[in-house]
Structure formats: structure tokens, C-alpha cells
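From first to last, the protein sequence lines are chains A and B.
Heads up: the first sequence begins at 43 in our numbering, then just goes up one per residue.
Heads up: the second sequence begins at 3 in our numbering, then just goes up one per residue.
No lab work stands behind these hints: they were computed from the structure.
Among the hints, erroneous ones may be present.
[What the hints assert, rightly or not] Some chain A residues near chain B, calculated using beta-carbon distances under 8 Å:
1. Val53
2. Glu54
3. Ala199
All residues carry an ideal CB built from backbone N, CA and C; glycine is no exception.
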Amino acid sequence: MIEIREIFTQVEEIFHEFGPPPAKPLKRGAVCAVLTNPFAGRYEPNILPMMEKLNPLGLEMSRRLVQAMRVETAAIEGYGKGAIVGSGGELEHGALWHVPGGYAMREILGGAKAIVPSAKKVGAPGTRLDVPITHINASYVRGHFDAMEVYVPGAPAADELIYVLVMSTGARIHDRVGGLRAAEVKGLDGLR
Amino acid sequence: MKAKIRKLIVQVDEVRLEMGQPVNPPVRKAVAIAVIENPFAGRYRDKLDELIDIGEELGGLLGDKCVEALGIEGSQAESYGKAAIVGEAGELEHAAAILHPKLGVPLRKAVEMGAALVPSAKKVGTLGTAIDIPLGHKNAAYVRSHFDAVEARVSDAPRANEIVVAVAITDGGRPLARVGGLQKHEVKGQDGLR
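Whenever a hint applies, use it, and build me the whole structure from the sequences.
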């Protein structure tokens with residue numbers, strides 16, 4: 043059921059955005075898997091069997107992303123996930139990624155507490171998706187509210203899906219609009 | 003370093019299946035991108051030496067980033083290419099100054115040879131402009147299976163006073179190459195062509 047055609051990784055290292063460069067640059071990374079949509083072209087009422095089969099892919103992608111970013115898992119502070127569904131599929135096929143993508147990252151990152159923010163859409167090859175990012179242990183950390191634009195050139199074809207995971211190593215590069223700070227996180231409820 | 007780098011991006015595209023056929027081993031293309039300040043934005047300068055030196059720095063930095071991202075020895079790299087997108091306060095010649103005089107030598111060092119011309123593309127563009135980086139075999143420009151391209155794009159660059167510089171390195175040709183021509187095992191690698 044899970045047939046992967048292509049894996050695309052991208053890592054950004056941001057030194058400044060026209061302000062004073064902080065001592066530690068920010069890294070943001072994305073991993074995208076392009077796979078065959080087994081439900082393309084028809085309405086399939088029972089799509090849940092695919093969800094569990096995506097668990098190993100979620101773990102493989104999480105590990106691959108941390109490796110591509112060349113950091114320890116302890117350095118990951120933000121995350122997000124997303125899906126782009128080819129034109130022969132429906133949005134609901136993208137929703138299959140919520141559980142396996144989210145839980146895989148939380149596991150790899152040592153039991154992260156916060157909900158993993160997400161975005162999804164149906165699109166043509168080359169469609170771009172803005173994947174939201176928030177702090178891994180406390181959704182309200184304002185400095186870590188961010189997003190990363192991702193796309194895979196030439197994908198998804200009509201009968202394909204793209205599943206995406208995104209991680210970051212810190213706050214926005216010139217974070218200065220206040221709110222809850224990462225240092226103040228209690229990390230009990232996933233929110234603060 | 004002369005280059006004022008705002009951002010570095012490294013991406014790897016790994017193809018395992020094409021038209022349902024397994025690609026064994028998978029073909030991987032790495033692209034490393036630097037977003038730099040254009041020291042000559044907004045004015046005409048006759049001498050472009052500063053950009054030429056920046057090109058030399060970036061050839062080594064981005065070439066090494068690609069090889070590292072592929073996790074291979076430089077000698078295992080098969081094809082390469084380069085490209086630049088100049089923000090609107092600059093001119094096309096700024097891209098030429100970075101890409102052509104000095105970028106090639108350190109790039110060839112990163113791939114441990116490179117007898118062939120490094121194929122290139124350039125344009126003036128704005129935030130999110132995409133460029134297709136042409137690819138060719140590093141030792142023999144006529145290897146038909148390695149004629150290819152890979153797309154590069156940075157969503158928030160180039161700003162008007164910036165330049166996006168990209169280098170691409172692969173560990174193989176097109177996924178299911180089957181249109182004949184010179185094969186990689188036939189390469190003599192002396193004249194850069196065959």
C-alpha cells in the first residue's frame with residue numbers, strides 16, 4: 043500500500059533578516075515523501091487501514107530530517123506537518139498523515155508535548171504549501187510561531203500524495219514581539 | 003569571507019521510482035543555495051572583482067555542502083551545474099561575475115575532477131523566482147544520460163539588493179535514461195567533451 047517514489051529534503055540556515063545576526067543561526071528543515079495515492083480516482087469509504095501503515099514512514103522521515111539538519115534531536119525546538127494531495131485525490135487522504143506524522147516526530151524528539159500544527163491542500167505538480175511551525179512543548183510560545191514554505195518540483199502527480207514534516211531549532215531569527223518565552227515553558231499541558 | 007550570506011539552503015531530491023519502475027540505486031540530486039548581499043546593487047560599476055572573488059568562495063562552500071548532503075566521496079559525484087538569480091537592483095552581469103571566472107575551480111575540487119564545462123543559467127528575478135539549474139556530466143559534456151536540470155527557488159529571496167547563488171551536484175543521471183548517446187562508462191575524460 044505504501045509506495046514511495048521520491049524523498050525530498052531541504053534545510054535552511056538563516057543568519058539574519060537585515061537585523062543584527064544572533065550568535066546562533068536558525069535552522070529550519072523539511073522532509074517531503076512523494077507516494078502513490080492508493081485511493082486516487084474514486085471514493086473509498088474506508089481509508090483508515092492506510093493510516094497505521096504510514097507509521098514506519100513517519101519514523102523514517104523524522105530520523106532523516108534530523109540527520110539532514112545535522113543537529114542532535116535535543117536541538118529541535120519547533121515542528122509542523124502538512125500534506126499536498128494530487129488532483130485525483132481528496133483532502134481527506136491528506137488527513138491520514140495527522141496521526142503517523144505527528145506521533146513519529148514526538149517519539150523521535152523524546153515525547154514532545156504540544157500538538158503538531160498542520161496545513162493541507164489539493165494541488166498540481168509544484169504546488170507550494172506553507173507549513174505552520176510551533177514550539178514542541180508549548181503551543182503558546184510566541185517566538186516560535188513560524189512557517190516554512192515547501193514544495194517538490196514536479197509533484198504531486200494526479201495519483202500521488204506528498205506528506206511533509208518540518209522542524210526548526212529555535213525562534214524566529216529576530217524574535218521581538220513578546221509573549222510566552224521558551225524559557226518559561228512548564229511543559230505539562232502542551233500549551234504553556 | 004567577502005560574501006555577506008543571509009541564508010544557506012541545502013536540499014536533496016532522491017528518486018526511488020519513476021513511472022512505477024524502481025530506480026536502483028536511487029538517483030540523488032543535491033542543491034546548495036546561498037542568499038547574499040549584492041555589493042553593487044543600485045549602481046553601475048565597471049569592475050566586478052569583488053563579485054568574482056565571492057564566486058570563488060561560494061564555489062567551494064556550496065560544492066562541499068552538496069557533497070556532504072549526498073553523503074558521498076567527491077569522486078563519486080557524477081554531474082553538476084550552477085545558477086544565479088540577481089535581485090532587481092542588480093544586473094545580469096553580476097551573476098556572470100559570480101558564476102564564470104572563478105567559481106569552477108573550487109567546485110571541481112569538491113567533485114575531485116571535473117574536466118567538463120559546468121553548465122549554467124542566470125536571470126534577474128524577485129522573491130520566490132525559480133531557476134532551472136542545467137546539469138551535465140562532470141567529465142564529459144556529451145554523456146546524454148546526464149543531460150538534466152534541477153529547480154531551485156527561495157521563497158523570500160532575492161530581495162532587490164540580493165543575489166541567489168546555487169550549485170547542484172548529483173550521484174547519477176536521469177532516473178530511467180534510455181535515449182542512447184555516449185554512456186558514462188565510455189568516457190575518456192580528457193577533453194571535457196567525451
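Now the hints, each set against the structure:
Checking A:Val53 against chain B: minimum C-beta separation of about 5 Å stays under 8 Å; hint holds. Interface hint at A:Glu54: satisfied, since its Cβ lies 5 Å from the closest Cβ of chain B, which is below the 8 Å cut-off. With a least beta-carbon distance of about 10 Å to chain B, the hint placing A:Ala199 at the interface is violated under the 8 Å criterion.
Hint 3 alone, counting from the list given before, is not met by this structure.
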